[in-house]
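Each chain, letter by letter, is given below.
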Amino acid sequence: MAAQPARRMRVLLAKLGMDTHTVGVTVIGHALREAGLEVIFTGLKQTPEMVVAAAIQEDVDVVGISTLSAGHTRSLPKLARLLREAGAEDKLLLAGGVVPEEDKPVLLEAGVDKIFTMGADTREIVRYLEEWWSEKQAAETV
Amino acid sequence: MNKPIKSFVVANDNIEAETQRWEAETRAPFVSQHPERRDPFVTQSLKWPIKPLYTPTDLEQVGFDYLADCGYPGEYPYTRSTRPNGHRSDFWTMTQVTGFGKGADWAKRARYMLDQGLSGLILEYDLATTNGYDSDDPMVEGEVGRAGMALDSLEDLEAAFDLPFDKLQYLMSVCNAPQPVNLAMIIAALEKKGVDPKDFVLHIVNGILIEYTCVGRYIYPPEHGLRIATDCIEYIIRNHPNWAPLSIISAQLQPAKANPVQEIAFSLAIACAYIDATLERGLDIDTVAPYLNHFVVNVDMDFFEGICKFRAFRKCWARLMKERYGATRPEALKIRMMTSPTTIALTLQQPLNNIGRLAIMATACALGGAGEAMTTPLYDEAHALPAEDAIRVGAALQHIVAHETGVAETIDPLAGSYYVETLTKQIEDAAFQELDKIFAMGGATKAIAQGYFQRALGHEQYEQNKDIEEGRRKWIGVNHLRLEEEKREIEIFRLDGNMEDEQVQKVRDLRTRRDQAAVDAALEKVREAARAGDNLVPPCLEAVKVYATHGELCNAMRDVFGVHTPDSQMSGV
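Sequence lines, in order, name chains A and B. Mapped onto this note's numbering, the consecutive letters of the first sequence carry residue numbers 317 to 458. Mapped onto this note's numbering, the consecutive letters of the second sequence carry residue numbers 10 to 582.
Worth flagging that the hints you see were computed from the coordinates, not collected in a lab. Glycine is no exception: its CB is placed at the ideal position from the N, C-alpha and C atoms. Keep in mind that the hints are not guaranteed to be accurate.
[What the hints assert, rightly or not] Heads up, simulated SDA-like pairs for lysine to any residue below, C-alpha to C-alpha not over 25 angstroms straight-line: (1) A:420 / B:495; (2) A:420 / B:352; (3) A:420 / A:457; (4) B:475 / A:370; (5) A:420 / B:113; (6) B:475 / A:449; (7) B:60 / A:432; (8) B:475 / A:448; (9) A:420 / A:432.
[Said to hold, decoys possible] Below, a sample of chain A positions facing chain B; criterion: calculated Cβ distance under 7 angstroms: (10) 346; (11) 387; (12) 431; (13) 453.
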């Protein structure tokens, strides 16, 4: 029998910059909450600096960025760098939304841990997060 | 032979009994051997049950009366068409959305689109512009010229309007929160190009209330947002009577997963908020309504929900204008719709399948009456900004539906279908019930302030997504006929990598070249008008002519109005 996780995973969902499409982030927010995760939404029009500050202040385990405009090739690498500079690179950084294939290697190289593009199943995202979480918990208890 | 024509509804009193007999003797035994594919059968987004068969009995049950419910094209209640001859005299105006890059990039793309047989264009601006920032503002790094054209000053529009204005009959401009600034810039740019404003139609969307509801590109608190929008409406009605000062983009509620009933009710409630604010400026309903009757309405893949929504929409507008406002002019009672296939039916997976979806949805638009104009999204929409191939196919689609299918050869060809008339009537009745609920709350502005629309949409978003994930709704390429490995089927359009830096440099250069004292004085006049409650368009027009920038003007209004920061109640997440 798997050990009961010590605490619930905390996820910060955020929309960077001027991208105001919220359907994706709303669905993910509802789905993660239904799966028992704690979800905090930053609201719209955040800068990478604001998201890093919120991630640290709220002590989240995961930062999920929903991106449906084409600005992600600049903003996501910046966010990843700021997280590293703040000593918060242990937080899982996820991106979701509209990300063209050729942008994916660039973002992954820059420090985004995983990208879920439009149409990804919320159950798949929950599964991915739960697996990551139990590995992290296991590593921490060793 | 002159036999008296029996009423459509009570054609045969035996129908109800006969239907029951058919059910018991013929259908039920068959179904017991051949179980149904779905349980239950429901419409896509309303999730209303769909019966195996509709008969005249259903029309009787919903109280259908041909003359009251359908009437005749071009006459109240306009269910069949607002146009006396449907599309037999002219097709709808065929348009597409475009916007990216710098002004000159937009002009090049716009000329290409006009050459493909389009006569109207929709100009979308980047998110820096629509949220009220200049390109060099640190808030908008990475967004410049991406989701639409970058617009910092009159110079950008002068470059964008390097167009054959003899081919361009109609331009819709989509810039809601900063609308007076955008309107002023377009007026000034047309003046510079020597275009007579009487010779073409500028249509500003001016749709700030839907931004607060679900789109999010707001700047100022809602009460100021509505005042600014009303300034633009009043300015156009009084100065450019052939233009259009508003569009209720119901087509933005639909991708936020509004079902057809919510779409009609929320959009009409929002229309009433603009109408009420404009009536307060001393104009009467028969003058105002013909300007505030523009709607953009989507169809999704459920053919009949879409077609019946169009039909119900026309009737609901007519009833609302007549019953709530006492409008009498036909122009006030007629809704003007631009119709569009929805982008949210399109998939990232197997993108060429989207051409099929677009063709089906464009056909539904045409069967539902198509409206004054149709716009088609593009098959590569889920991947990136549109490539030229996708634009060509999108334009061709509308011509294929118009010229090859015959669906526009007779007016409202699906009228009289037992199913179509039943569903149309059910949607109309439910929309009026929802509308009454919103009016009881105090109207659209109150519903937005209380987060009612936002939460209703958030709920629909989650539930409709679950339908797909759990397989109740089959979506080809997503949860049905999925490919293990997606191979690249299409070319992706890429923007010039230096575009943002160039645009940033351009606006910085402009600030060093212009008459700064004149700009400062003009910006102060905008602040004064904002404080005094004077119409904001004239001072914005003066300011853009001395090259005050878009962001500076938006900031001048921020100084007076403050900014909108919605609380958790107002967010549907």
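### Message
Next pair to validate is residue 420 (chain A) with residue 113 (chain B); report whether the Cα-Cα distance is within 25 angstroms.
### Response
30 angstroms, violated
### Query
Is it true that the CA of residue 420 (chain A) sits at most 25 angstroms from the CA of residue 457 (chain A)?
Distance of about 33 angstroms is beyond 25 angstroms: violated.
### Task
Given the hint that residue 475 (chain B) pairs with residue 370 (chain A), test it: the Cα-Cα distance must not exceed 25 angstroms.
Violated, because 30 angstroms separates the two Cα atoms, which is more than 25 angstroms.
### Query
Given residue 387 (chain A) as an interface hint, is the shortest Cβ-Cβ distance to chain B below 7 angstroms?
4 angstroms, holds
### Query
Taking only the CA atoms, is the gap from residue 475 (chain B) to residue 448 (chain A) under or equal to 25 angstroms?
24 angstroms, holds
### Query
Would the hint on residue 431 (chain A) stand, with a C-beta cut-off of 7 angstroms toward chain B?
Violated. Min distance 12 angstroms.
### Message
residue 420 (chain A) and residue 352 (chain B) were given as a pair; does the straight-line alpha-carbon distance stay at or below 25 angstroms?
### Response
Holds - the C-alpha atoms of residue 352 (chain B) and residue 420 (chain A) are around 23 angstroms apart, at most 25 angstroms.
#### Entry: Interface hint for residue 346 (chain A), Cβ within 7 angstroms of any Cβ on chain B
4 angstroms, holds
### Query
Are the Cα positions of residue 475 (chain B) and residue 449 (chain A) separated by 25 angstroms at most?
24 angstroms, holds
### Pair hint residue 420 (chain A) and residue 495 (chain B), alpha-carbon separation not exceeding 25 angstroms
15 angstroms, holds
#### Entry: 25 angstroms limit on alpha-carbon distance, applied to hinted pair residue 60 (chain B) and residue 432 (chain A)
39 angstroms, violated
### Message
Quick check on the hint: residue 453 (chain A) CB to chain B CB, less than 7 angstroms?
### Response
Where the cut-off is 7 angstroms and the nearest Cβ of chain B is about 27 angstroms from residue 453 (chain A), the hint is violated.
Violated hints, in rising order: 3, 4, 5, 7, 12, 13; the structure is consistent with all others.
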